[in-house]
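Asker: These protein sequences, in sequence, are chains A and B. For the first sequence, this note's numbering begins at 1 and goes up steadily by one. For the second sequence, this note's numbering begins at 217 and goes up steadily by one.
Hints listed in this document are in silico derivations from the structure and should not be mistaken for laboratory results. Positions of the beta carbon are idealized from the N, C-alpha and C atoms, including for glycine. Incorrect hints may have been included.
In silico SDA-like links for lysine to any residue, alpha-carbon gap of 20 Å or less [to be verified]: (1) 206/A to 276/B; (2) 182/A to 301/B; (3) 206/A to 271/B; (4) 182/A to 366/B; (5) 206/A to 278/B; (6) 114/A to 95/A; (7) 206/A to 275/B; (8) 206/A to 270/B; (9) 182/A to 384/B; (10) 206/A to 274/B; (11) 182/A to 303/B; (12) 206/A to 429/B; (13) 206/A to 366/B; (14) 362/B to 116/A; (15) 206/A to 263/B; (16) 362/B to 305/B; (17) 270/B to 330/B; (18) 362/B to 330/B; (19) 182/A to 305/B; (20) 270/B to 203/A; (21) 362/B to 432/B; (22) 270/B to 182/A; (23) 182/A to 299/B; (24) 206/A to 302/B; (25) 182/A to 298/B; (26) 182/A to 372/B; (27) 206/A to 305/B; (28) 206/A to 246/B; (29) 206/A to 330/B; (30) 182/A to 228/B; (31) 206/A to 281/B; (32) 182/A to 300/B; (33) 206/A to 298/B; (34) 182/A to 432/B; (35) 206/A to 408/B.
Computed footprint of chain B on chain A; a stretch qualifies when at least three of its residues, placed anywhere within it, have a C-beta under 8 Å from a C-beta of chain B [claimed, not checked]: (36) 66-75; (37) 163-173.
If you anchor each label on the Cβ, the simulated ranges turn out as follows [stated by the list, open to error]: (38) 307/B to 55/A: 48 to 54 Å; (39) 140/A to 344/B: 51 to 57 Å; (40) 178/A to 235/B: 25 to 31 Å.
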Amino acid sequence: MIEFTVWDIFRNLLLAARWTVVLSLIAFVGGGLVGLALLVVRLSPATWAHRWVAGYVQLFQGTPLLMQLFLAYFGIALFGINTSPWVAAAVALTLYTSAFLAEIWRGCVTAIPKGQWEAAQSLALNFGEQLQHVILPQATRIAIPPTVGFLVQVIKGTALASVIGFVELTKAGTMITNATFKPFVVYSCVALLYFALCFPISLYAKTLERRFRVKH
Amino acid sequence: MRVTFDFLAVLAQWPMLLKGVAWTLGLTVISAVIGVAVGIACAWVRSEGPAWLKAIVGTYVELIRNTPFIVQLFFIFFGLPAAGLRLSPEVASIIAMVVNLGAYATEIIRAGIEATPRGQVEAALSLALTRSQIFIRVVLPPALRKVWPALVSQIIIVMLGSAVCGQISTEELSYAANLIQSRNFRAFEAFIVATGIYLLLSVGVRRLLNWLGPRFLFGR
Chain A
1 MIEFTVWDIF RNLLLAARWT VVLSLIAFVG GGLVGLALLV VRLSPATWAH
51 RWVAGYVQLF QGTPLLMQLF LAYFGIALFG INTSPWVAAA VALTLYTSAF
101 LAEIWRGCVT AIPKGQWEAA QSLALNFGEQ LQHVILPQAT RIAIPPTVGF
151 LVQVIKGTAL ASVIGFVELT KAGTMITNAT FKPFVVYSCV ALLYFALCFP
201 ISLYAKTLER RFRVKH
Chain B
217 MRVTFDFLAV LAQWPMLLKG VAWTLGLTVI SAVIGVAVGI ACAWVRSEGP
267 AWLKAIVGTY VELIRNTPFI VQLFFIFFGL PAAGLRLSPE VASIIAMVVN
317 LGAYATEIIR AGIEATPRGQ VEAALSLALT RSQIFIRVVL PPALRKVWPA
367 LVSQIIIVML GSAVCGQIST EELSYAANLI QSRNFRAFEA FIVATGIYLL
417 LSVGVRRLLN WLGPRFLFGR
């Protein structure tokens, strides 16, 4: 039997952490794009569509991410498409992220005084131009700190993809535990790596928030 | 191609689902009560405890908030027995949920405490109240009232997070769904039903807590 040193464990976990990062980025970028589309619909004059977006957000915020992953995994397969954990995890996490980002950003847009909308309207800008030139540039500045903060939630969320067989940091931890019978060391290392990923982002989000508050 | 759904096959297993709901709610109630108590204690330490204790609590909060719940759960359930502490899945789940909620509750409640005007504490001091009396009777109730919505949201996040506890064979709702789908191979339907129940639970628990809080926890 091969003896695993702590360094072997750590090195293998580090290699698996790449996939945590990749999946996080896919979910964050994809979720950002879908979230932006949801935001535009939510702000559009079509009031009937607002309910639809609110329902979407409620659906993803009110159910466990684990169930969403299972549904994506079994749901895509149902339509005869041969799914991999990759596709299922990317789809589920993208939708999950989009719901949260749409809600965070909506809060930021709500914080823009109503007068700004009215001023933009009085300049005869249409809805798209109002958003593009007046509202979104201001809302973006408010939105950056909470958005960066939410990235931490996304990274932590990717850990659940291990349950549907996606080999990232947590799954690698389970596999290495099964090979080494050293759960205490392995899961300590796993937690440490997540912490090393998330803590700097948390700190950065806090700094951004403070800097923003000083300015206003 | 045609996809046929058979929800009845899942709903026929309602006793299992009901048991799962009971476990999910039970885990949530226990961990919410203890977790908020931990949060209040840690928030007190962070606002007026000794410096060394502040450092410990600060480390605890940051460690928990920057690692995934599933890793915390696995560490407690698989990791701690190696260090000599053997736990049942249910106890491990409750400990993990308490530890997790405690860290977030600390930050939430601390924000409420910091928002309490200094003058109120000074007024209480001038009435010769002791430090613990001031904290429990003057600072805490308005602080809790201010942050109650955030606290309720966090409790619901922990409840939804408890779906992961099925992975260490705690028999909560997601475990029940997994068990049902392993018996009748209706995976999609089983998880749709479980997801629907979770949605109802999160809406119901939010309403209940928003109603309970003002009446029993911090007065109106």
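Asker: Taken at face value, is the distance from the CA of residue 95/A to the CA of residue 114/A at most 20 Å?
Answerer: At roughly 30 Å apart (the allowed maximum being 20 Å), residue 95/A and residue 114/A break the hint.
Asker: Quick check: does the Cβ-Cβ distance between residue 140/A and residue 344/B fall within 51 to 57 Å?
Answerer: holds, 52 Å
Asker: Decide if the proposed pair is consistent with the structure: residue 206/A and residue 276/B, CA atoms, cutoff 20 Å inclusive.
Answerer: holds, 18 Å
Asker: Regarding the pair residue 182/A and residue 303/B, is the alpha-carbon distance no greater than 20 Å?
Answerer: holds, 17 Å
Asker: Keeping to a limit of 20 Å between CA atoms, is the pair of residue 206/A and residue 366/B held or broken?
Answerer: Roughly 18 Å between the alpha carbons, so the hint for residue 206/A and residue 366/B holds.
Asker: Are the Cα atoms of residue 182/A and residue 366/B separated by 20 Å or less?
Answerer: It is violated: about 38 Å lies between the C-alpha atoms, which goes past 20 Å.
Asker: Given the hint that residue 270/B pairs with residue 203/A, test it: the Cα-Cα distance must not exceed 20 Å.
Answerer: OK: residue 270/B and residue 203/A at ~18 Å, within 20 Å.
Asker: Holds or violated: residue 206/A and residue 281/B, Cα atoms, limit 20 Å.
Answerer: holds, 13 Å
Asker: Assess, step by step, whether the Cα of residue 206/A is no farther than 20 Å from the Cα of residue 408/B, and give holds or violated.
Answerer: Roughly 37 Å separates the two Cα atoms, so the pair is violated.
Asker: Is residue 206/A close enough to residue 263/B, meaning Cα to Cα at most 20 Å?
Answerer: holds, 19 Å
Asker: Tell me if the straight-line CA distance from residue 206/A to residue 275/B falls inside 20 Å.
Answerer: Distance ~16 Å between residue 206/A and residue 275/B Cα, so the pair holds.
Asker: Under the criterion that the straight-line Cα-Cα distance not exceed 20 Å, is the pair residue 362/B, residue 116/A satisfied?
Answerer: Roughly 30 Å separates the two Cα atoms, so the pair is violated.
Violated hints, listed in ascending order, are 4, 6, 12, 14, 16, 22, 24, 26, 27, 28, 30, 33, 34, 35, 38; each of the other numbered hints is respected by the structure.
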